[in-house]
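Novice: Under UniProt numbering, the first residue of the sequence shown is numbered 1, with each subsequent residue one higher.
To be clear, the hints were calculated from the coordinates, so they are not data collected in a lab. Quick caveat, the model's predicted, so the values are computed rather than measured. Heads up, the beta-carbon is just placed ideally off N, CA and C, and yes, glycines get one too. Keep in mind that a hint or two might mislead.
The following label-pair restraints were derived from C-beta to C-beta distances [said to hold, decoys possible]:
hint, residue 1, residue 2, range
1, Ser217, Lys147, 15 to 23 Å
2, Lys178, Asn49, 38 to 46 Å
3, Thr108, Lys178, 34 to 42 Å
4, Met1, Asn49, 25 to 33 Å
5, Met1, Asn200, 23 to 31 Å
6, Asn213, Glu83, 40 to 48 Å
Quick list of in silico lysine-lysine cross-link-like pairs, DSBU-like style, CA-CA up to 35 Å [claimed, not checked]:
hint, residue 1, residue 2
7, Lys123, Lys168
8, Lys168, Lys147
9, Lys88, Lys219
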Amino acid sequence: MKIALFSDIHSNLPALEAFFADVELQHPDVIYCLGDLVGYNVWPNEVINEIRKRNIPTIAGNYDFGIGRMSDDCGCAYKTEREKEMGKISISYTNSVVEEDERLYLRTLPAHIRVEYQLNDDKLNLLLVHGSPRKINEYLFEDREEKSLLRIIEQADADILCFGHTHKPYHRILNSEKDGAPHFRHAINIGSVGKPKDGNPQGGYVMLTINENTNISDKESIKVDFIRFDYDVEKAARAVIDSPLPD
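Turn these sequences into a full structure, and let the hints guide you.
Specialist: See the structure below:
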């Protein structure tokens, strides 16, 4: 089974359209969206509608949660006062342009999606969240201490934990022994479609492949592909420049 996972579009319609064109070439069996549809660009309604019309199972990101409730707080972390001021402008603008039907949709999004797959000898629990299983806006960075990350995954009863929020993709494999046997757990940050922060301007998503040979005691039996794609960055940037949004 091929599972496509994408996140953090942030109102970037050109990036989302390019993602859909690219992912169709991969022929996934299912597609999941891990949230943050809105914020930072001018197409929040269009992005929401593109995802809705495809009936893509979607969870709420912290920005979606805030906009869905007409809040002036997106749950974002800012390092400087200037960043904070720019953030206020962005959420104010997004609140002003999101239509009521789209806002209602954001309010209905769940906090997580859990999927259980029956393998030959065991079950595989896939948990999809935006930030972490504990908090919608918690950052799980790649350099997080191993014991801490493993504890989060174990407490969430996940074999594979997929998340976004940091906009920086990575895959870490951690060994959690179960009844004296190896039990590998996977932490997968799926990156960002519309606002990558890893130094690569291309949009990104993950293709997760599991099959009849997948086994939690074999760390190589779960295939994780990080896929990057081009989109019209200039169009997305020009839209911000021509709007009240900070650039």
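Novice: For each hint, tell me whether it holds in the structure or not.
Specialist: So, going through the hints one by one against the coordinates:
1. Ser217 x Lys147: 15 to 23 Å: This hint holds: roughly 21 Å between Cβ atoms.
2. Lys178 x Asn49: 38 to 46 Å: 44 Å, holds
3. Thr108 x Lys178: 34 to 42 Å: Distance hint for Thr108, Lys178 holds at roughly 36 Å.
4. Met1 x Asn49: 25 to 33 Å: 28 Å, holds
5. Met1 x Asn200: 23 to 31 Å: Holds - the Cβ-Cβ distance for Met1 and Asn200, about 27 Å, lies within 23 to 31 Å.
6. Asn213 x Glu83: 40 to 48 Å: 46 Å, holds
7. Lys123 x Lys168: Cα-Cα ~29 Å, so holds.
8. Lys168 x Lys147: The hint holds at about 21 Å.
9. Lys88 x Lys219: 43 Å, violated
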